[in-house]
Amino acid sequence: MMTLPASMLAAWNPVYVVWLVSAAIVVGGLLVFGLDDVRRTSITRVWAISSVCFAESVRRKVLWVIPLAILGVIAVSLLQHSLDPQEALRQTIKFCLFASCLIITLTALILAATNLPREIENRVIFTIVTKPTTRLEIILGKIIGFARVSGLIMVIMGVFTFAYLAIENRILTNQIAERLKSETDEPTRRTLQAYQEAGLLSTKSLGNAVDYQIFEHAPSGKAGDPQWLTGAFGYSFIVEFNLTDQDKALIEAAASDPARQQVLAISTMKLKRTSPNAEEQKWIASRKLPVESTGLGPALPGTDLTPIPIPQLTVRVLDENLAVIVPDTLINGGKLVTAKPGIDLNSTDPYIIPCVLPPEALRKIIQSGRFFVQVVPETNAVQYEITPTPVVLDIIDGNGGEHVIKAAGGPRFISMANRYGMKIVGNSKGEGSVAVFRFENVAVPSNLDAPVVFKFRGGVERSGDFDATKPWSELALTVINRDTGERSDPVAFHPETNHDLPVQVPGKYVKGGNFDAQVRGMDDGQLIGMSKTGVQLISGAHSFAFNLLSSLIILWLMSVLVVVIAIFCSTFLSWPIAIVLTLMILFAHWGVGQLGDTLTPGVGRNVASDLGMQDPTQLTLFSSSVDALAKILTTVAAFLPDLAKFPVMEDITRGVAIPPGQIFESMGVLICYGLPLVVISYIILKNKEVAP
Amino acid sequence: MTVLDDEALRIEHLSKVYKDFWGRDKVRALDDLNLTIHRGEVFGLLGPNGSGKSTTIKLLLGLIFPTAGSATILGQPAGSTAINEKIGFLPEESYLYRFLNGEETLKFYGRLFKIPRKELNRRVPELLDIVGLDQKARKRKLREYSKGMARRIGLAQALINNPELILLDEPTTGLDPIGTREMKDLILSLKAQGKTVLLCSHLLYDVQDVCDRITILFKGKMQTLGHVRDLLQVRDITQFQVQGLSETQIQEMRQFLAKMGIDNPTVTHPTTSLEDLFMRVVNENSPGGNGRIQAGA
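Chains as they are written, first to last, in the working numbering: chain P, 1 to 692; chain C, 693 to 989.
Here chain C stands alone, though its shape is the one from the complex (with noise of 0.2 Å):
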C-alpha cells in the first residue's frame, strides 16, 4: 500500500470566503487549511460555531467552491460526482423530503446510486434495523418523525451506498443519550469495518469518546491536530487508580509518599459519567435489560 492510498482525504490550502454583492470578500470562513485523513481513521473536527467545520464539511462535498486550494477524496477530486459513489453524509439536520416515509426514502436514495432492486429490498429493512427504527416508524412520513427519529433516518440514507468514507456533521444533535450512545456505538463498528469517518462536531465529549485524531479549527484556521490521548495527557500528573483499599491503608500511602517528598498529594474517589448512569440505570430498567429502546415505539 502507498502512501497515497492510505489516505482517505488529503486537503491542501483550502480556502473560502464568502462575497457580498459586489464581489468583495466578506467573510474568511476557512484559511489555508491543510489537512491529510488515513482510512480506517475516525476523525474529529471541533470548533466553536463559526469555526469553519461546516464549510470544510460543504466544500469536500461540492455543495460549496474553494477560494483557493484543493481536496481530493480517497485519491479523487472533492466534490466531483464519480466520488460520491463511495462517500455517505448526513448533514448538520435531515434535510429529507418530509413527505416520504421511511422506507420510500431510503428506497428514493438507493435508486440515486442505481442498486438494484432485490438488493435494495434486502438492505433497507437491514439499515432501518441498525438505526433503530421499527416496523411502525418505517410507514410513517418523515414529518411525523421527532428529532431522534430523523436523525436516525438521515444516518440510514448516509449508510444506504455501504460508503467507504463518511462525513457526519453534528451527528448526535437531537439524539436522546441512548441514541447518542449508539451513534457512537455506529461509529465505532464503522471504524472496525475499515472505514474511514469524519465526524464534524462541538459535543467534545462524544468526539473524546470515538475519535483516533481531531483538530480543532477557530476562526477558519487549525488550531491544533493530533490524536486525542496524546492531546489531552496531562504529562506531569501521574494517577493511580487502585480499586478496595482502606482507609489505614490509604493513610499508609500518603505517608510513603510523604517519604518521597511527595505533599499533599490529591486523594479522590472517580466519578462515573452521566451518560454511564443514564445507561445503566435505564438498563436495569428495561424488559430484557440491553438498554436499547426503539425510536418510534
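One chain only, chain P, in its complex shape (with noise of 0.2 Å):
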C-alpha cells in the first residue's frame, strides 16, 4: 500500500486541506454538474422561493418564540443576585446573547432541516421542479430564506437586548452612586468608581500578550543568563522540538531496532543539593525520593550525615496546546528520571540525565513532528540550573554514533495552575515567582503622556502564612519598554478575584508596543492565579452598541451555517435524522476538543489496563482497536467546523471590542463548510427522485 511520507502528512495543516477540499467540491462540482443550471442561476426565483420560506416560518408563528425567550432573559435577570454591578450587567447580556442564540440556532436548525422532507413528502417539491426553477436555486433560496428568518430574530432580539441593557445600566448606575455614599471598605470603593467613571457597559479593545511565563525568580533580562528553580515547589520548563526529515529518518531507524539503538532526551543542568531541613525531609520521606548517604561510617561531631536526595526530574511530551502526546508510561519505563547517585555535592559540573524513549514513544513524536518536551524538577532541596539549551534529543546507534537534535528554542517556564491559570507565588519582600506578560507590536494609546491602563484579572488565594490583619491582598504591576529598556517603578494594585482591576502605569514605558509587563505578589502565604490574558493593555474605547452589533452579525453568521448544514443533511436524510446528523456535525470537533487528553494515543492501552485485560493478544487488539477509533474520531473532528471560531459571547461579557478580523474569520469558516455543502446539496437533489 502506498503511504505519504510522514514529513508531508506532518506539513498536512488541518485548515489548509480543508480550504483545499472545500475550493476542490466548489469548482469541481459546479463544472461537472451545474455548469448549465449555474448559468441559468435567476436572483428573482432564488428570492421567490426564498420569500416562501420566510413567508411560510412567519405565517407558522416561528416568532412566537421572540415574547417567550425575552420573557425568559427578563425573569432569570431579575432572578440573580451579583453584588458587582458591572458582573450583574454582564450576566444579563449573557442572559440576553444566550438566549437570541439558542432561538436563532434552533429555529434555523429545525425551519431548515424540516423543509425539504416535508416539501418531498406532501409533494409540494411538485409544483416547483416543474417550473423552469434549477435545483440549485431550490438550494440557495431555502438558505436565503432561512436566513432571512434568523436575521429577522436577531434584529428583533437585538434590539430588545439593547433597550434593556440601556434600562439595566441607568438602574445599576444610580444604585452603584447610592453605594459609594455609604461604601467604606477600600476595594469596593475603588472597584465602583472606576465602573462610574468608566461606565457599566464600556467595551474596550485590548492589547494581549503574545507569552506568558511564570519564573521562579526574576529573569536578569541578559540573554543567556540561567534560571534556577527549587524541585517540588511546582515549576517547571518546556523546549520545542521541529523535527526535520533526516531527524524523522534517524528516530525511525532507532524505533525499528532497539536492541541496538536508543533515543534519550537528555538534560543538562547544574544542581544545587543541600541537605535537608525537617521539613522538607519529612516531604522526602512521605515521597519516598531516593536518597544517598554523603559519608562513610559514624558522623565526625559537627558533621551533618543527613541523607540528601537524589535529583529527579518528570519528563512529558507534549503538543502546542500542552496536551500530552505520548502516555508517562510510555517514557523512561514510567518512571521518574533520576540523576545518577554519588556525585561529588561540590562539583559545579552539569549533571547530565538521561530519559528513554522506548519505540513506541518516538514513533508518536516522529508522527507528531512538531513538539514540546516538559521538564519537572520533583526534587526537594535541590535547585535546578535551567540554561538556555537545557535539553536536547541523543540518538545513539548501533555503532555508537550519536545525533544530537536540539531543541528550536529556549525554555519557557510555566508553573503549577489553578482555575484562574498558572500560579505565583507572594513574598513580601518583593522576592516571590514573577509572571512575565510580553507584548510584542500592540496597538498603544494615541497619548503616551498620560498614564495608560492596564487590565488586571485572576484569583487570588491565601494560606495560613498571610497576614490576616491586612484588608487586602497587594500585587505589583512593573513595566519593562524593551525598545528603550526603562523599566517602570512598582505600581502596587489590591485585586478580587475574577474581577478586572484598572492599573495604570506611564504612557511612556509602553510606547512602540514592545514591552514586558511583570506580576508580583507582594504578601507572604498569597497565590495568584492568572491566565495569559490575565494582563491586557487597554488601547482604546468603543461603543457598546457597535460591539452588540458585530457580535449578533457573528450569532447571525453561525445560524446560516446552521441552515445550511441542516439543508445538506435533509437532502438525504429524513428530518428527525437531519437534525441530529446537524448536531453531530456541529458538536464534533468542539466535543473532541472537551474529551482533550482522552484521545491522545495510547488511549486505548489505558483503557485496556481499567477493564482488567490480562491476555496480551486481547489487550494488543482492544487497546489498537480504541487507538483507532479515538484516531478517526480526532481526524475526522478536526476537519470538521470549529463552534468557538463563532465567539458570540466571550468578548463582550467580558467588556472587550470584538475586533472587525472576527467577523471576518466567522464569515470564512462559513464560506469555506458553506459553499461546498451548498453546492453537495445542489448535486444530491439534481439526482435525487422528488417523487416519493
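Please keep in mind that the hints were generated in silico from the structure rather than gathered at the bench.
Values in this document were obtained by computation on a predicted structure and should not be read as measured data.
There are no misleading hints in this set.
Each computed BS3-like pair below joins lysine-lysine, with the alpha-carbon atoms no more than 27 Å apart: (1) P:Lys688 / C:Lys806; (2) P:Lys688 / C:Lys711; (3) P:Lys429 / P:Lys455; (4) P:Lys61 / C:Lys828; (5) P:Lys688 / C:Lys778; (6) P:Lys335 / P:Lys270; (7) P:Lys532 / P:Lys508; (8) C:Lys799 / P:Lys61; (9) C:Lys913 / C:Lys711; (10) P:Lys688 / C:Lys913; (11) C:Lys799 / C:Lys810; (12) C:Lys911 / P:Lys688; (13) C:Lys799 / C:Lys831; (14) P:Lys686 / C:Lys806; (15) C:Lys778 / P:Lys686; (16) C:Lys810 / C:Lys831; (17) P:Lys61 / C:Lys839; (18) P:Lys272 / P:Lys406; (19) P:Lys686 / C:Lys799; (20) P:Lys282 / P:Lys272; (21) P:Lys61 / C:Lys833; (22) P:Lys686 / C:Lys718; (23) P:Lys222 / P:Lys272; (24) P:Lys645 / P:Lys94; (25) C:Lys913 / C:Lys718; (26) C:Lys711 / P:Lys686; (27) P:Lys688 / C:Lys718; (28) P:Lys335 / P:Lys282; (29) C:Lys911 / C:Lys718; (30) P:Lys364 / P:Lys248; (31) C:Lys711 / C:Lys911; (32) C:Lys831 / P:Lys61.
Quick look at which bits of chain C chain P covers, simulated, 3 or more residues with Cβ under 8 Å: (33) 764–777; (34) 789–798.
Covered stretches of chain P (chain C as the covering partner; in silico rule of three or more C-beta atoms under 8 Å from a C-beta of chain C): (35) 38–45; (36) 50–57; (37) 124–132.
For glycine and all other residues, C-beta sits at the position ideal for the given N, C-alpha and C.
Given two chains presented individually in distinct reference frames, assemble the corresponding complex, making use of the accompanying hints.
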C-alpha cells in the first residue's frame, strides 16, 4: 500500500486541507454537474423561493419564540443576585445573547432540516421542480429564506437586548452612586469608582500578550543568564522540537532497532544540592524519594550526615496545546528520571540526566513532528539550573555514533495552575515568583503623555502564612520597555478574585508596543493564578452598541452555517435524522476538544488496563482498536467546523471590543464549509427522485 | 412544418423499474412505452390505478428518472429545466403552499417564470376569473380551500406561464359536475388556442368528451392507441336517430326492415347523460340561467 511520507503528513495543516477540499468541491462540483444551472440561476427565482420560506416561518408563528425568550431573559435576570454591578450587567448580556443564540440556532436548525423532507413528502416540491427552477436555485432560495428568518429574529432580539441593557445600566449606575455614599471598604470603593468613571457598558479594545511565563526568580533580562528552579515547588519548563526529515529518519531507524539503538531526552543542568531541613525531610520521606548518604561510617561531631535526595525529573512530551502526546507510562519506563547517584556535592559540573524514550514513544513524536518536552524538577532541597539549552534529543546508533537534535528555541517557564491559570507565589520582600507577560507590537493609546491603563484579572488565594490583619492582597505591576530598556516603578494594586481591575502605568513604558509586564505578589502566603489574558493593555474605548452588533452578526453567520448544514443533511435524510446529524457535525469538533487528553495516543492501553484485561493478544487487539477509533474521531473532528470561530459571547461579556477581523474569520468558516455543502446539496438534489 | 415540428411529445422505449434498498428490481412501473403526441392535440392517457399513467407524467417532468428510453418535449429532452418554461402541470392533487392565499400562490409561481410584475398583476386576476375563484376566495389561505377550489387554483398555477403543453393529472378529481364541465370546456378552449394537452385520468367519460386520441396503459404496457371515435365505434351495428316518430310510423319501419330480412331491430328512446341532466337542472334554477356557480361563493 502506498503511504505518504511522514513529513508530508505533518505539513498538512487541517485548515489548509479544508480550504483546498472546499475549493475543489465547489469548482469540481459546479463544473461537472452544474455549469448550465449556474448560468440559468436567477435572482428573481431564488428570492421568490426564499420569500416563501420566510412567509411560511412567519405564518406558522415561528416568531412566537421571541416573546417567550424575552420573558425568560427578564425572569432570569431579575432572579440573579450579583453584588457586583458590572458582573450583574454582564450576566444580563450573557442571558440575552444566550437566549438569542438558542432561539436563532434552534429555529434555523428545525426550519431548515424539516423543510425539504416535508415538501417532498407532501409533494409541494412537484410544483416547484416542474417550473423552470434549477435545483441550485431551490437550495439557495431555502438557505436565503431561513437566513432571513434568523436575521429577523436577530434584529428583534438585538433591539430588545440593547433596550433592556440600557434600562438595567441606568438602574445599576444609580445604585453605584448610592453605594459610594456609604461604602467604606477601600477595594470595593475603588472598583465602584472605576465602574462609575468608565461606565458599566464600557467596551475596550485590549492588547494581548503573545507569551506568558512564570519565573521562580525575576529574569535578569540578559540573554544567556540561567534560571534556577527549586524542586517540587511546581515550577517547570518546556522546550520546543521541530523534527527535520533527517531527524525523523534517524529516530525511525532507532525505533525499528531498539536492541542496538536508543533515543534519549538528555537534560543537562547544574544542581545545587543542600542538606534537607526537617520539613523537607518530611516531604522526602512521604514521597519516598531516593536518597544517598554523603559520608561513610559514624559522623564526626559537627558533620551533617543527613541523607540527601538524589535529584529527579519528570519528563513529558506535549503538543502545542500542552496536551500529552506520549503517555507518561511510556517515558523512562513510567518512572521519574533520576540523576546518577554518588556525584560530588561540591562539583560545579553540569549533571547529565538521560531519559529513555521507547519505540512507541518515538513513533508518536515522529508522527507529531513538532512537540514540546516538559521537564519538571521533582526533588525537594535541590536547585536546578536551567540554561538556554537545557534539553536535547540524543540518538545513539548501533555503532556508538551519536546524533544530537537541538530544541527549536530556549526554555519557556511555567508553573502549576489553579482554576484561574498558572500560579505565582507572593513574598513580602518582593522576592516571590514573577509572571512575565510579553507584548509585541501591540496597539497603544495615541496619547502616551497620560498614563496608560492595564486590565488585571486573576484569582487570589491565601494560605496560613498570609497576614490576616491585612484587608487586601497586594500585587505589583512593573512594565519594562524592551525598545528603550526603561523600567517603570512597581505599581501596587489590590485585586479582587475574578474581577477586572484597572492599573495605571506611565505611558512612556509602552511606547512602540514592545514591552514586558511583570506581576509579583507582595504578601507572604499569597497565591495568584493568572491566565495569558490576566494582564491586558487597554488601547481604546468603543461603543457598546457597535460591539453588540458585531456579536449579533457573528451569531447570524453561525445560524446561516446551521441552515446550510441542516439543508445539506435534509437532502438525503429524513428530518429527525437530519437534525441529529446536523448537531453532530456542529458539535463534533468542540466535543472532541472537550475529550482532550482522553483521546491521546495510548488511550486504548489505558482503557484496557482499566478493564483489567490480562491476555496480551486481547489487550493488543482492544487497545489498538480503541486507539484507531480515537484517531479516526480526532481526524474527522479536525476537518469539521469549529464553533469556537463564532465567539458570540466571549468578548462582549468581558467588556472587550470584538475585533473586526473576528467577523471576517467567522465569515471565512461559513464560506469554507457553507459553499461546498451548498454544491453537494445541489448535486444530491439534482440526482434525487423527488417523487416518493 | 416538418414532422418533428408537429410533435409536441415523443416517447421512445421509455421504461421505469423501481428498485428496492439492495438495488434489486421491485416493480416495473412502465415497460417500453412508445408514443407521439402532436401539437394542438388533446391526448388521453388511460388506465386503472397502478397502470403507469402517473409514472409516465413524472418521467416527462423529471420528477423521477427513466430506467431506459427517452422522451422529448417540444423538441427538447424531457425533464430539462429549460423546457419547463413551456409546460404547465396540474398534479393529481393540488400540492401547493397552504399558508399562501390564491393571489400570492399565483404570483409566487409567476415569479418562478420571471414574469414581470406588471404582467403578473394583469394575468393573476384574469386566471382566477378563468378558473372561477371569486374575490373572497382569492384572499383566503389555501388551507381553507375546499377540494374543488384547490383544483381550480392548481389549474391556474399550471396556466400562469401560458404554456404550450399542459399536463393534467386527474384534472376532474374533486370537482363537482359543474366544475367538471367547466374543466372540460377549458380543455377544449385550450385546444382551440392551439395548445397541446396531455390528460391522464381514469374517469372515462371525461376523457371521451374531450380527447382526440387516447392510449390505454395496463401493467406498465401500452395496450391500445388511436382516435377516440375509431376506438369506440361498433362497426357491425348501425343506429338511426329520428325525432318525432309516431307509434304507427315505428311499426311501418319494423315491417320495412323485416322485408329486408332484418328481424327484431332494437328500437329505444335515447337517454341523456346524468351530467347533461344535472347541468340542465342547475341552469334552469340559477339566477341568469347560465349554470355557472362561483367557487367559494
